[in-house]
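Asker: Note that the protein sequences, when read in sequence, are chains A, B and C.
With our numbering applied, the first sequence corresponds to residues 1 to 296, in that order.
With our numbering applied, the second sequence corresponds to residues 297 to 665, in that order.
With our numbering applied, the third sequence corresponds to residues 666 to 973, in that order.
The reader is advised that the hints may include incorrect statements.
Stated by the list, open to error - Distance windows between CB atoms, simulated:
(1) C:S677 / A:L11: 52 to 58 Å
(2) C:G737 / A:L11: 34 to 40 Å
(3) C:R767 / B:S430: 30 to 36 Å
(4) B:R607 / C:D862: 42 to 48 Å
(5) A:R208 / C:M857: 30 to 36 Å
(6) B:A531 / C:M857: 33 to 39 Å
Stated by the list, open to error - In silico BS3-like links for lysine-lysine, alpha-carbon gap of 25 Å or less:
(7) A:K197 / B:K399
(8) A:K43 / C:K817
(9) B:K472 / B:K462
What the hints assert, rightly or not - Just so you have them, the derived chain A footprint on chain B, three or more residues with Cβ under 8 Å:
(10) 344 to 352
(11) 382 to 390
(12) 562 to 569
Keep in mind that the hints were calculated from the coordinates and are not lab data.
A virtual CB, placed ideally from N, CA and C, is assigned to each residue, including glycine.
What follows is the residue order along each chain.
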Amino acid sequence: MIVRPKVKPVLAYLALVVPSSLVLLGFLWLLITSFSTRTEGLKSLGWTLHNWRFLWESPFGPGYPSIWQITLNTLLMSLIMTVIVVVVSSMTGYALARMKFPGRKSFLSLTLILHAFPSVTLLIPIYFVLLWITKIPLIGRGVPLLGGFGYNTVGGVALVMVAFQLPFGIWIMKGFFDNISWDMERSALIDGASRFKVWWQIIMPNIRPGVAALSVFSFLTAWNAYLIPLTFTAGRAGKSVVLSLYLQNFISESVMTEWNAVAAVGLFQLIPVVVFFLFTQEALLNIYGGGRKGGA
Amino acid sequence: MKITIKALCKLFGKVKAVDNLALEIRDGEFVALLGPSGCGKTTTLLMLAGIYKPSSGSIRFGEKVINHLTPKERNIGMVFQSYALYPHMTTFDNISYPLKLKKVHKKEMMKRVQATADMMGIGELLDRKPAELSGGQQQRVAVARALVKEPAILLFDEPLSNLDAKLRLRMRGEIKRLQESLGVTSVYVTHDQVEAMTMASRIAVMNFGVLQTYGSPNQLYDHPDTVFVAGFIGAPPMNFLEMRFEERDDGFYLGSQALEIRIPDERGAQAKQNDVPQRVIMGSRPEDVSVVAERDGDFKAEVYLIEPLGREDLVTFRFDSEEIRALTPAPFHGQIGETMSLKLDKEKVHLFNPETKVSVLRSGNGGSS
Amino acid sequence: MRGQLAPYVFLSPTLVLVTLFFFIPLVMVFILSFTNLDMTNFGILEWWSPANWSLDNYIKIFTNRFFSKILGNTIMYVVLTLTVFNVGLALVIALITTHINRRAGFAFRVLWFLPRITPVVVYIMMWKALAGPAPMGIINSILGPLGIGSGKYLLNTNPWVFIILANGFIGASFGMILFSSAIEAIPKDYLMASKVDGATTWQTIRYVELPALKWPLLFVTTYQTLSLLTSFQQIMLLTDGGPGLYQTEVWALTAYHRALTSYFGNTQWGYGAAWSVVLVIIGIVMAVIYLRVFKFGELVEEPKIDQL
Numbered sequence: 001m002i003v004r005p006k007v008k009p010v011l012a013y014l015a016l017v018v019p020s021s022l023v024l025l026g027f028l029w030l031l032i033t034s035f036s037t038r039t040e041g042l043k044s045l046g047w048t049l050h051n052w053r054f055l056w057e058s059p060f061g062p063g064y065p066s067i068w069q070i071t072l073n074t075l076l077m078s079l080i081m082t083v084i085v086v087v088v089s090s091m092t093g094y095a096l097a098r099m100k101f102p103g104r105k106s107f108l109s110l111t112l113i114l115h116a117f118p119s120v121t122l123l124i125p126i127y128f129v130l131l132w133i134t135k136i137p138l139i140g141r142g143v144p145l146l147g148g149f150g151y152n153t154v155g156g157v158a159l160v161m162v163a164f165q166l167p168f169g170i171w172i173m174k175g176f177f178d179n180i181s182w183d184m185e186r187s188a189l190i191d192g193a194s195r196f197k198v199w200w201q202i203i204m205p206n207i208r209p210g211v212a213a214l215s216v217f218s219f220l221t222a223w224n225a226y227l228i229p230l231t232f233t234a235g236r237a238g239k240s241v242v243l244s245l246y247l248q249n250f251i252s253e254s255v256m257t258e259w260n261a262v263a264a265v266g267l268f269q270l271i272p273v274v275v276f277f278l279f280t281q282e283a284l285l286n287i288y289g290g291g292r293k294g295g296a
Numbered sequence: 297m298k299i300t301i302k303a304l305c306k307l308f309g310k311v312k313a314v315d316n317l318a319l320e321i322r323d324g325e326f327v328a329l330l331g332p333s334g335c336g337k338t339t340t341l342l343m344l345a346g347i348y349k350p351s352s353g354s355i356r357f358g359e360k361v362i363n364h365l366t367p368k369e370r371n372i373g374m375v376f377q378s379y380a381l382y383p384h385m386t387t388f389d390n391i392s393y394p395l396k397l398k399k400v401h402k403k404e405m406m407k408r409v410q411a412t413a414d415m416m417g418i419g420e421l422l423d424r425k426p427a428e429l430s431g432g433q434q435q436r437v438a439v440a441r442a443l444v445k446e447p448a449i450l451l452f453d454e455p456l457s458n459l460d461a462k463l464r465l466r467m468r469g470e471i472k473r474l475q476e477s478l479g480v481t482s483v484y485v486t487h488d489q490v491e492a493m494t495m496a497s498r499i500a501v502m503n504f505g506v507l508q509t510y511g512s513p514n515q516l517y518d519h520p521d522t523v524f525v526a527g528f529i530g531a532p533p534m535n536f537l538e539m540r541f542e543e544r545d546d547g548f549y550l551g552s553q554a555l556e557i558r559i560p561d562e563r564g565a566q567a568k569q570n571d572v573p574q575r576v577i578m579g580s581r582p583e584d585v586s587v588v589a590e591r592d593g594d595f596k597a598e599v600y601l602i603e604p605l606g607r608e609d610l611v612t613f614r615f616d617s618e619e620i621r622a623l624t625p626a627p628f629h630g631q632i633g634e635t636m637s638l639k640l641d642k643e644k645v646h647l648f649n650p651e652t653k654v655s656v657l658r659s660g661n662g663g664s665s
Numbered sequence: 666m667r668g669q670l671a672p673y674v675f676l677s678p679t680l681v682l683v684t685l686f687f688f689i690p691l692v693m694v695f696i697l698s699f700t701n702l703d704m705t706n707f708g709i710l711e712w713w714s715p716a717n718w719s720l721d722n723y724i725k726i727f728t729n730r731f732f733s734k735i736l737g738n739t740i741m742y743v744v745l746t747l748t749v750f751n752v753g754l755a756l757v758i759a760l761i762t763t764h765i766n767r768r769a770g771f772a773f774r775v776l777w778f779l780p781r782i783t784p785v786v787v788y789i790m791m792w793k794a795l796a797g798p799a800p801m802g803i804i805n806s807i808l809g810p811l812g813i814g815s816g817k818y819l820l821n822t823n824p825w826v827f828i829i830l831a832n833g834f835i836g837a838s839f840g841m842i843l844f845s846s847a848i849e850a851i852p853k854d855y856l857m858a859s860k861v862d863g864a865t866t867w868q869t870i871r872y873v874e875l876p877a878l879k880w881p882l883l884f885v886t887t888y889q890t891l892s893l894l895t896s897f898q899q900i901m902l903l904t905d906g907g908p909g910l911y912q913t914e915v916w917a918l919t920a921y922h923r924a925l926t927s928y929f930g931n932t933q934w935g936y937g938a939a940w941s942v943v944l945v946i947i948g949i950v951m952a953v954i955y956l957r958v959f960k961f962g963e964l965v966e967e968p969k970i971d972q973l
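Bound conformation, chain A alone (with noise of 0.2 Å):
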């Protein structure tokens, strides 16, 4: 007890470091190669700005929407999206945790199976659902900045984006929920609240933590993701386009790939990721805070 403390950590330390040693080699690549003409390994072989010349004209000339567009799309998918997860979730794991009504065991249930179901699975079938409201008149097509609801427009991909990230929100919030105290909530209600009242103005504000963690989850997946975008809109050169189908096009479309550029491109997205994540890391490793009910 007295000789081993001090080998052990450094075995530990050993440990950690040997495993993550590649990410963050990835990392530092990333970084090396985003302001080098060209690279052997981690090795610059001439510094330059060139590579970020992207954020002021286009590459791929003008009729292609500029990067400051496309960001602002990503924006606006993820916060739309992250706004919606949010409520909605809040609202439906307030009901399933703290409401009685016929049907709330099945719906408890219906929750927990989509949650470990599959969903990409369905991308097929949903393809057409997004073609179907397409058609609807205004929801579809009509709705301005979103575009709308439907196939090919920037509120048609988030809307599919809420839909998989649904029963994971609810189930996370509803384990917060779970977590407030059933006196506060009678309380209001004696006070003279409707169960709506007691929702946002008592409840809501307590399960901030939860708040927190499933907002900053939303957002990253959103701004993250790829196969949805890339799935519900048609052709690259789509106003819908995101950041990451943009950075997909650098690596495909030209013969042979600019990899400096595309490093630089790959750092314009991953810049927001990381500092985003060092604000709010804490929320987020804190996703299963709401109780580790049902293993989770």
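We have chain A already, so just place chains B and C on it with the hints.
Answerer: Okay, now just chains B and C, sitting in the frame of chain A:
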């Protein structure tokens, strides 16, 4: 506001939390619901509050059945054991919340909040959040919040359990005075019989969802209806001994291996009238058991345990396989293991049917309703 | 009455979204799998009419030349990633980070969380850079001077290693978080008691901490099996099933390729749906088992306020 409860039941799944409860609470009365945890007292209170919906039966406020009214429509105030303050709101916001929901005019609201807070002695703490208040202060905020909307009925759910002993004593007095001065009909749930005895004008004792007895503190103490009530009310609790009941030519006797006592004639006659069985449970409070000189004693027992309580000593005696406790004036002159003579106050002997656990000393057709 | 309706008002947005994006698609994926709907007959074929339904797609799947290859790939990918990373490494990290200095432990967990929050395209790009051929590739540039390896593009020579690594680094963080919060939730009294009893660190882990991890372990295993079974994003971006024919093609990726890319000619929605249906069925069965295992009954504690 008068409260009338009739045939009230509450089921949780298959468990009967409240079973066929009937209770009448007079306007302005302070009634305590007393019983061990899980006896249905809080469930009853929450049905009065409109948090739980009765499975059957009726609750009337005044003449109006309010079973289906929401808490909002009942005009009640409630104080919880956990205080249930809203942690994200200041004291002012907490107290004003009921008024805000009633859309009371802002000026009026400020005035009423300040007045109520002053009455509770927390007028200076209005800017603080609950986390910055002591337990006692939180309690006062909770009471103020219940009072501010001038409810017709006040409900208390073990409001003093989370306070330390000294503070509890003080708040006990304050709440009682407050209730008396405001004259609001109040229902007070507690598992602490001292609290119920000191505060309430009437006590309803419950066990396993069933009302055991309902009466004034003195009534319950002097004439308990059931073994449960007899054992629950009074500290230290009543002694119980199983004995034979015998009627002889010269009077009524209780006997066992170790002792035989004669009980007053009118007690014996009353018991006889109530079909007293051969074997009875005799109850005697520790203060009715005294240590006496050998010639005055009813029976002898060995000192087993001495617990000084300050003013008195609580002494546990053993005889045969039985135990009996006596409250004796301090200091107690005796040693552990010493055999002493004990005497029971026959005027205060209680008799219960061992089958039904009901008192056989009830007058008329029986007190427990 | 108002009171009775309130819960459904709270539930309604979820009901709409779940109907649109789970129920309808779930029914449709089954129907589509019996049809030969594709881009060419879209709008002509009445796919909803039972007259056009047949089992052809399923026969096509099981008689596919690469059927056993794809199945084998899927099993290997799921089993290896799950055991080595999503459960194994996750457990190791959780145990180590909860046994060292608190802050350092937290910092390492943050670090291990990075792969999960890195945009997938950027993340895969990093792995491609790691695997790149000499002299550009990072691993080759380190190993080359040491005389190890051929210097070729590692994604061509060892695609599976990179697929499993890339997925495992993301997957490990899920278990890591659940395991470490379960370990931290163990009452300190237990740990002290075990120390007082003279247990070594290893004995404490073995007899106090691992038993407390029983449920999280089971949860992570079932949940991650399902997500690995249906995940294909990373593989798609990393090798897209290559480098050779179907060398790294897994079941879920096949479904996607068939239905939603024109790589194989037309987008064969019906045929792709049939591939999906197999996964859907596995998903439903596992989700139901999951309900049973996790004692659903305990979760449905009755609300303590009645709806008036």
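Asker: All hints are to be evaluated individually against the structure, with a verdict given for each.
Answerer: Verification of the supplied hints:
1. C:S677 and A:L11 have their C-beta atoms about 55 Å apart, which keeps the hinted 52 to 58 Å range intact.
2. Checked against the hint of 34 to 40 Å, the C-beta distance between C:G737 and A:L11 comes to roughly 37 Å, which is consistent with it.
3. Judged by the Cβ atoms, the range 30 to 36 Å given for C:R767 and B:S430 holds: they are separated by roughly 31 Å.
4. Checked against the hint of 42 to 48 Å, the C-beta distance between B:R607 and C:D862 comes to roughly 47 Å, which is consistent with it.
5. About 33 Å separates the C-beta atoms of A:R208 and C:M857, a value consistent with the hinted range of 30 to 36 Å.
6. For B:A531 and C:M857, the Cβ-Cβ distance of about 37 Å falls inside the hinted range of 33 to 39 Å, so the restraint holds.
7. Between A:K197 and B:K399, the direct Cα distance comes to roughly 14 Å. Compliance with the 25 Å bound is thereby established for this hinted pair.
8. Proposed proximity of A:K43 and C:K817 is supported: the alpha carbons are some 18 Å apart, at most 25 Å.
9. Between B:K472 and B:K462 the CA atoms are separated by roughly 16 Å; this keeps the pair inside 25 Å, and the hint holds.
10. Here the region 344 to 352 of chain B counts 3 residues with a CB under 8 Å from a CB of chain A, which clears the bar of 3, and the coverage holds.
11. Residues of the region 382 to 390 of chain B lying with their CB closer than 8 Å to a CB of chain A number 3, which satisfies the three-residue condition for coverage.
12. Only residues whose beta carbon comes within less than 8 Å of a beta carbon in chain A count, and the region 562 to 569 of chain B has 0; fewer than three means the coverage is violated.
The structure fails hint 12 only (numbered hints given earlier).
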